[in-house]
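2 protein chains.
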Amino acid sequence: MEVICVGNELLIGKTLNTNAQWLAKRITTLGLNVRRITVVGDDVDEIAAAVKEAVQRRPSFVITTGGLGPTFDDKTLGGVALAVGRELEENNEALEMVKKTYQRYIAEERIEKFEITPPRAKMAKLPKGAKPLPNTVGTAPGVLVEHEGVRLAMLPGVPREMMAIFDESLAPLLHEIAGDLTFYEASLGVERMPESDLAPMIDQVMHDNPYTYIKSHPQASEKVPHIELHFSTTSKDSATARQRIGRAIIQISEMIKEKGGKVQPMGT
Amino acid sequence: MEVICVGNELLIGKTLNTNAQWLAKRITTLGLNVRRITVVGDDVDEIAAAVKEAVQRRPSFVITTGGLGPTFDDKTLGGVALAVGRELEENNEALEMVKKTYQRYIAEERIEKFEITPPRAKMAKLPKGAKPLPNTVGTAPGVLVEHEGVRLAMLPGVPREMMAIFDESLAPLLHEIAGDLTFYEASLGVERMPESDLAPMIDQVMHDNPYTYIKSHPQASEKVPHIELHFSTTSKDSATARQRIGRAIIQISEMIKEKGGKVQPMGT
Chain R
1 MEVICVGNEL LIGKTLNTNA QWLAKRITTL GLNVRRITVV GDDVDEIAAA
51 VKEAVQRRPS FVITTGGLGP TFDDKTLGGV ALAVGRELEE NNEALEMVKK
101 TYQRYIAEER IEKFEITPPR AKMAKLPKGA KPLPNTVGTA PGVLVEHEGV
151 RLAMLPGVPR EMMAIFDESL APLLHEIAGD LTFYEASLGV ERMPESDLAP
201 MIDQVMHDNP YTYIKSHPQA SEKVPHIELH FSTTSKDSAT ARQRIGRAII
251 QISEMIKEKG GKVQPMGT
Chain A
1 MEVICVGNEL LIGKTLNTNA QWLAKRITTL GLNVRRITVV GDDVDEIAAA
51 VKEAVQRRPS FVITTGGLGP TFDDKTLGGV ALAVGRELEE NNEALEMVKK
101 TYQRYIAEER IEKFEITPPR AKMAKLPKGA KPLPNTVGTA PGVLVEHEGV
151 RLAMLPGVPR EMMAIFDESL APLLHEIAGD LTFYEASLGV ERMPESDLAP
201 MIDQVMHDNP YTYIKSHPQA SEKVPHIELH FSTTSKDSAT ARQRIGRAII
251 QISEMIKEKG GKVQPMGT
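Just so you know, the sequences run in chain order R and A.
If you're matching positions, the first sequence starts at 1 in my numbering and goes up one per residue.
If you're matching positions, the second sequence starts at 1 in my numbering and goes up one per residue.
Since the hints were derived computationally from the structure, they do not count as laboratory data.
It should be emphasised that the depicted structure is a prediction, and the values quoted were computed from it without experimental measurement.
Among the hints, erroneous ones may be present.
Note that identical chains are pooled: a pair holds if it fits in a single copy or bridges any two copies.
Claimed, not checked - Using 25 Å as the maximum straight-line C-alpha spacing, the simulated DSS-like pairs for lysine-lysine come out as follows:
id : residue 1 : residue 2
1  : LYS113    : LYS262
2  : LYS125    : LYS99
3  : LYS99     : LYS259
4  : LYS236    : LYS25
5  : LYS125    : LYS100
So that you can see chain R by itself, here it is in the shape it has in the complex (with noise of 0.2 Å):
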């Protein structure tokens, strides 16, 4: 999988990158793996060559947040059409979500009354062959589309409508290709040790325990050495990943212990 997250927010540092954070975490822990987070302008070129990179490295879905809204800088769809060779159409059911948002505006006395202005009409309009994706917390419906066997899921840059359409309409498929597989992950703190004397540790015991992934990450704000160490594993069974995790625990916590240095458990 790869996510895609457009605005020219995120490059000059206004805003930080919540969505792709939120978005890693909920499709690893569906069992799935995130293999590279790409972030772009607001710019139908530089969309457009991210999407069409992305697709060449073949995952088996791509998710962009941002750029879906009604402002001219709201570049993602046609970033997205150009990617994938096809024009951009007015969708009747995308049309009549973004009627029914501004009618339950009006309902919500949010607003007096509306008509389908351009810019309305241009959160309607997706590459051809796609298919709206409800979004019941905001105007921008999400999109799907799929290019050479890749699926492409476009969802907007609020974060709030980013994950109701991610939970209501993506997590459905993205636990049908994850299948049984689930992602398990734990921690332990160690202090006395300086990562360099770890090093070794950590090689040893995934060299001795193949399906577990272990990685020290130093703690900046302790005076005294203090890194925490966080295994993972990806299983179809919960019983295995737990035994997994808890057999490497125990292994370089004792290896730990012998030279001195010192362990304990850790949330995640």
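Assemble the complex: chain R is given as a structure, and chain A must be docked to it using the hints.
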């Protein structure tokens, strides 16, 4: 400019990529543009591919974060070496920096003694012809290397180490590239007006103020539609920049008020 962040923890959503935001903001404030941010995992081939692709887009600078430490999963220098077609070799200057750090740890009584074990020597193995950048707050030096006219700077993933090396060693180089250019921004809050009604006004004002970029950001937390309009420009001259942004704000404020909307100044 491009930024490449290396780390499985970013791809599984364990860590929020605050490094990318910090770098993007810093680089933008220096008057330069970040064109793309790429996140890849701890994999030599993935890192090498991302670096090669970035170099092919001919940015003035590529900055990487993460993967410089002593453990097996610190693979950035191997990936960069592969991308630029150079061997990794022990760099004396870098080795002296690593030794000095451990000597400082002894002086601070954080460790009792040290020797240059293979994991520690690893931090001083740089692509041939590279220059180490002093790390005044941690162990692994930063690295600077030039390839096909593109400068590549590798920084650690621990935020305070990344920040220190950036500010001490890279900011002066970037300042030279940027010259007198500086980035300016301001924000305006808009109420009682949906984003789709703002869209044509933004179009008009950007058309009339070609050097000013305006982007609307819906604020998801408000029940009443509340939108942040963000204005930015890059200029050699702060008076011109402020004038440009001021003119755009006045023009759009009048258009919004005329249509029944409400505006208020916002901090950026």
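Hint numbers not upheld by this structure, sorted from lowest to highest
Hints that this structure does not satisfy do not exist here, as all of them hold.
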